[in-house]
Amino acid sequence: MKKINFRVKMIGVMVVILAVFLSFGFLMKNTINKAEKTESNLYNGSIVLSHQMSQLNSSLLLKVQIPLQQFRTQGKITASSGYQLRTAMKDIRNQLLNIRNERTYTPQEQALLSNMAANLDDMFGKAENIINFKGDITKKQDHLQWQKLYDIFDQTVQKFQENASAFTLLKVNNDKQLITNIKAYFSRIHRINNTVLIIGFLLILFLSVTFIIDITRKYKMVIKYLVHLSKGDLTEDIPEIAHDEMGWILRHVRLLQDSLRKITIEVNTAVNNMSIASHDLSASSQNIAQGSSEQASSVEEISSSVEQLASNIHQVADNAKATEKVVVQLSKTTSLMVEAARKSQEKMDAIAEKIGIISEIAFQTNILALNAAVEAARAGEHGRGFGVVAVEVGKLAERSKKASSEIEGLIHESVSVIEDAGKIMLEVAPEVDKTSDMVKSISAASIEQKLGADQINDAVQQFNEVAQQNAAASEEIATSAEELSAQADRLMDSQSFFKLKEEDMVNNIPGNTAPIVKKKIPQSVSTGNKNNPGKGVDIDLEKPDDLDEGYERF
Amino acid sequence: MNKKTPPATPRQLDKSDFRRLSTFIHNTFGIYLPDRKYYLLQNRLQPRLKKLGFTSFSDYVDYVLQQDKKGEEVFEMIDVVSTNKTEFFREKEHFDIFQNELLPCFYGQYIKTWSAGCSSGEEAYSLSMVLDEEKQTGRIAGFMVYGNDISQSILNKAVKAIYPFDQAKSIPPNYRHKYLLRSKDKENPTIRIVPKLRAKTRFVWENLVGEHDSMPNDFQFIFCRNTLIYFDQETQLRVVDRLTKHLASGGFLILGHSESLVNRIPKGLKLYSPTIYKKEI
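From first to last, the protein sequence lines stand for chains S and B.
Those letters in the first sequence? Residues 1 to 554, by the working numbering.
Those letters in the second sequence? Residues 1001 to 1281, by the working numbering.
Worth flagging that the hints you see were computed from the coordinates, not collected in a lab.
Just so you know, not all the hints are guaranteed correct.
To be verified - Pair by pair, the computed Cβ-Cβ distance ranges are:
no.: 1; chain 1: S; residue 1: E294; chain 2: B; residue 2: D1062; range: 29 to 37 angstroms
no.: 2; chain 1: S; residue 1: Q290; chain 2: B; residue 2: S1058; range: 23 to 31 angstroms
no.: 3; chain 1: S; residue 1: S496; chain 2: B; residue 2: D1062; range: 42 to 50 angstroms
no.: 4; chain 1: S; residue 1: E294; chain 2: B; residue 2: S1058; range: 25 to 33 angstroms
no.: 5; chain 1: S; residue 1: Q329; chain 2: B; residue 2: D1062; range: 55 to 63 angstroms
no.: 6; chain 1: B; residue 1: D1241; chain 2: S; residue 2: N287; range: 27 to 35 angstroms
Even glycine gets a Cβ: it sits at the ideal position worked out from N, Cα and C.
Please take these sequences and the hints and turn them into a complete structure.
Here you go:
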């Protein structure tokens, strides 16, 4: 039974029902046929026969008995009447023959009918005797014979009628039997009909119920496992139920379940690995992002410092260049000064010479003044005024002499100072030259330094840019990695829809890989009013706070 | 299954948007961003765009500029744009000179020190350590260290005074034991400044280029190291002028090692030693 599918079952059931109905139909048709035949027999043998029999009786009565009775008193029968009688008798005989031949009769009826035919022949033989009578009824003997012929004839008639009524009686009885038969047929038809109905109903009921129970059972099973599948429950094994269509469906559901299991196990493993990997990735890329962000900050600071430094070095280089110019000028100036000192010594010597002349002139002027004073005294009253002048001139000469000797002294001092200066200048000149050379080399070095600093600065700026880019990129990566791990978690969530048997579970159950929890330091301190950012905000840290509980002495 | 998943393609900063924003930043915060800082800006702003859900830089720049100088996003933006790089006892020579040469000028006094552009506070706490050391020997009467920055988030870090454990390396060993706490959590080791020093250190959210100016005017020391480098020359001088006003007479302004004021020392300051300037008495 298990190996037969629904189609075959259906066909089988149809065939059975069809066979039952066909056989019953055949039986019914047969019965109905019989009933029909019986019914037609009844009609033929009863209604038609009774008509024929009454015709026969009436023909016998009207065409034979009554004319014969009319001739009884006359005592003779004319030839024509005799012919009519014979024709009538022949006709009646034919009628009986017809009755006998038209249908089949039971042997009893046959016997009665043969008797009737024999009676009829006998009767017609007696009638022939009457027709053929040649006597004279006026004669007593003949009359008696005549009467006797009639009596015999009447006797045969009576016999015929006895047989005929026996036949009719028998026939009626037989017809009654036929009617009973017909009734029996009909009741049989009813019976068959009822039986067919009942059997058919029961059969169909039985088959339907069986079918429905079977289908329902399997259908429920299929639904049950489909519902399991739809809920992602892959824990229960799907059994083999039958080889029919439901079994076929269930078998494919099982194949689907198997595939889902395989896929789920694979996906679970993959998702699990992915989750672990992506959490690792997220954690390490966050570290990298943080590291590169810190690095970027450091590099940013370095780059700003270096930039400032480079600008300072520029300043220094400019300064060195300016200094170099000054020193070169100084060196030139120094040699000019040496020359100047030498020249001024010469001039001083010349001045000293000239001063000697002035001193000489003063001396002579003094003598001349003395002479003039003597001459003025001689001149007496007239020379008094001149004497005053001479004294004044003498004083002037005195002052000139004093001044010139002072100048002389100063010149001597100057000369020695100039000599010293000249000497110092001569000593300094090479130092100045040396300084000049050194400043030149400082200048050159600082220009080189400037170029170097520029180069370093450029490099650091580039480095900084790259560091910022890297920081940005690693931030992006960290964000992506975080997103990836979140997606892996979501995927794991989705995947947990499919429930597997204990032994199919992946060892690392998704929930066990704890996502990285970012530690957050509680924002315990408020820096105050953000809506009024122009104001500085004082932050008070007087007391130990709760966070100190997590700390101990270093 | 999938909810949002915007494409991971990076948003591109247009040159013109870059210029609009860099001009705004320069005008508001003094930070100078020439064209070559393009990637820096693009890189540092990406997280903001992502967070706010902007798909183009153009929209974001519009959003920031329309807020003008007082919008919340302006400060969020400068938080990410400003460079915050510092460590404990950075450029150690300055601390040696500070302790051995400069501080003796003010022995016996109450010392006020300002760490201008303090970032996450390492410099301020380093100064606090040195000053506390001096106070314990009785050479100074007391001290207070101020710090300021334009980035709120970085100031929050400074206030919390929690740093990665590695940073302890740059702190002298004898200071470590005195002034550091270490976390009990050994998986994620951090250090924290002791409450005593935190109490002596004060952080103020202030823009060195902004109008508001709430700092005291009698600092003996102002450390402004590696802050000027982010400004252009004109802004640098403006800031130096401003800092000079906050110095007590004879006070010192200490700049970063690359931040020489060669050839442009402003009036009122004279070079004391390289990168150290003294306010004239």
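Evaluated hints:
1. Look at E294 (chain S) against D1062 (chain B): about 31 angstroms separates their beta carbons, and that is inside 29 to 37 angstroms.
2. Range check, Q290 (chain S) to S1058 (chain B): about 29 angstroms between beta-carbon atoms, so the 23 to 31 angstroms window is met.
3. Taking the beta carbon of each, S496 (chain S) and D1062 (chain B) are about 44 angstroms apart, inside 42 to 50 angstroms as hinted.
4. Take E294 (chain S) and S1058 (chain B): their Cβ atoms lie about 29 angstroms apart, and the range 25 to 33 angstroms holds.
5. Checked against the hint of 55 to 63 angstroms, the C-beta distance between Q329 (chain S) and D1062 (chain B) comes to roughly 59 angstroms, which is consistent with it.
6. Checked against the hint of 27 to 35 angstroms, the C-beta distance between D1241 (chain B) and N287 (chain S) comes to roughly 43 angstroms, which is inconsistent with it.
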